Amino acid sequence: MIYELPKLPYAYDALEPYIDAKTVEIHYTKHHQSYLHNLNNIAKDYPEVFLDKKITQVLTDIDNVPEKIRQQVINQGGGYANHNLYWLILSPNGGGKPDGKLVEAIKQRFETYENCKRELEAAAVSVFGSGYGWLVVDKNTKQLDIITTKNQDSPYSINKIPLIVIDVWEHAYYLNYQNRRPEYVAKIFNVINWDEIEANYEKALLY
Amino acid sequence: MKFELPKLLYDYNALEPSIDALTVEIHYDRHHRGYANKLNEALEKHPEFAEGKTIEAILSDVNSIPEDIRQAVINTGGGYANHNLYWAILSPNGGGLPKGELLAAITKTFGSFPEFKTELTKKANSVFGSGWAFLVVNKNKALEIVASANQNSPLSDGKTPILGIDVWEHAYYLNYQNKRPDYVTAIWNIINWDEVERLYNETV
Ligand SMILES: [Fe+2]
Ligand SMILES: [Fe+2]
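Protein chains in written order, with my numbering: chain H, 6 to 212; chain P, 44 to 247.
Warning: the hint list may mix true and false statements.
[To be verified] With a straight-line cut-off of 27 Å between C-alpha atoms, the simulated BS3-like cross-links for lysine-lysine are:
#, chain 1, residue 1, chain 2, residue 2
1, H, K49, P, K222
2, P, K166, H, K35
3, P, K88, P, K142
4, H, K35, P, K165
5, H, K49, P, K166
6, H, K155, P, K166
7, P, K202, P, K184
8, P, K222, H, K155
9, H, K12, P, K222
10, H, K122, P, K166
11, H, K155, P, K165
12, H, K35, P, K222
13, P, K222, H, K27
14, H, K59, H, K144
15, H, K73, P, K151
16, P, K81, H, K192
17, P, K165, H, K73
If you're looking for bench data, these hints aren't it; they were derived computationally from the structure. Remember, predicted model here, so these are calculated numbers, not experimental data.
Next up, chain H with everything else stripped away, as it sits in the complex (with noise of 0.2 Å):
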C-alpha cells in the first residue's frame, strides 16, 4: 500500500448540527475510505509513477502520468486528496473570521471578507452535478481566486493550491439536507478551520 487514508483530527459528531455524525462517518470510512483504495489499487501496477511522491504532486504533473491510468488517478486520486483537504479545513472550534496575512490577501483580491465568502457560497451552490467550490492561490501569480470543479477534478492540476474546499457532492449533505444544498454551504462556514487554511495559505506563497 502506497498512500494511507489520514486520521480524521476529530470524532464522527464533532461537526453536529452543521455536518451530522453519520454524514461525517460514511464519508470518511466509505467514500474517502474508497478513493483511497482504488487509488492504491492503480498505484500498486505503477510503482514508476506514484512512489515518492505525494498525491498532489501526482495531480500537479497529471499530464505525465500514462494516459492508460490518466482518468482514473484525476479520479480516485483526486478523490482522495480532495477529502484529505476537506477534513482537515473543517474543525469543532472553526467558524469566525480568517485573520493575519490571509485576511489581507482577502482584501485585496475581493475588498471584504464578506464578499469572498459570498461568492464562494455561489460559486459551490452553482455546481451542476457532483463537484467542488474552491478557494484557491494560483501557483505563479499568488492570487487568490474562487472556482469550481466537476467531479473530483483537483485544482492542483491546473496549477492552483487549494485553501478552502467545499464538497458539494450530494453524500456530503443529503442525509441531512437532500436537496436543499445553499443551507449546507452557508452552514459549513461554522466549522472552517481558519488556524489550518492561514498556514496552508502561508506555505502557498512559499511555493
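Starting from the known structure of chain H, arrange chain P with the ligands on it as the hints suggest.
Showing chain P with the ligands alone in chain H's frame:
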C-alpha cells in the same frame, strides 16, 4: 406554454422496499419539480423559441436553443425529461421480464435478458459522479446501452431513451448511502416493462 410536472402515478411509498417513500417524495416534489420550474424560468427569456415544441424536440436539437439559455436548458430540460421517463418506467407492479418485440430485440442485441441486465447494471454502477444509464433506441432502430453525465439527454445524440436509471446520489442516498450497486440491483424489481415496451414500439 409551460412545461408541467407530470402526475406521479403511484403513492410515494409504492416503490418500497426498492425505493423508500421519503426518497420518492423529495426526488419528485423537489428535484423533479425544481427542474420543471427552472426550465420554465430559463425559457421565459425566449418564449417564442419553446412555443409549440415538446421537451423531446428541444433536446433533440440543442444547437437551435438560443445560446444564452442553452446550457440551462440542457441541464434543467434534461433533468425534466429524464425524470419524466424515470417515474413512468417504474411501477409497484413492475419487475419480471419484458415481453413481445422488446424482448426479442433485447435478446437479439445482448444475447439474452440476463446478459442485458448485467450490462445495464454495470453501466449504471460505473458512472463517475452524477448521471444516468439508459437503454436507448438509436438511429438505426437498434437497442443500445449508454451512460450520460449530469442531466444530458441521449436525445441530444440522436438516441431515444426508453429506460433510464438515475444514479445521481439523490436517487438512493437516504436509503443506500454509498451502496449504489444495491440500489441498482433493487430497481430491477420495479421496472415497468409494459411502459418500456410501449415506448419501444412507439419509437421503432
Ligand atoms: Fe465527498
Ligand atoms: Fe434524479
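* Going through the earlier hints one by one, which of them does the structure break, listed in rising order? -> 3, 10, 15
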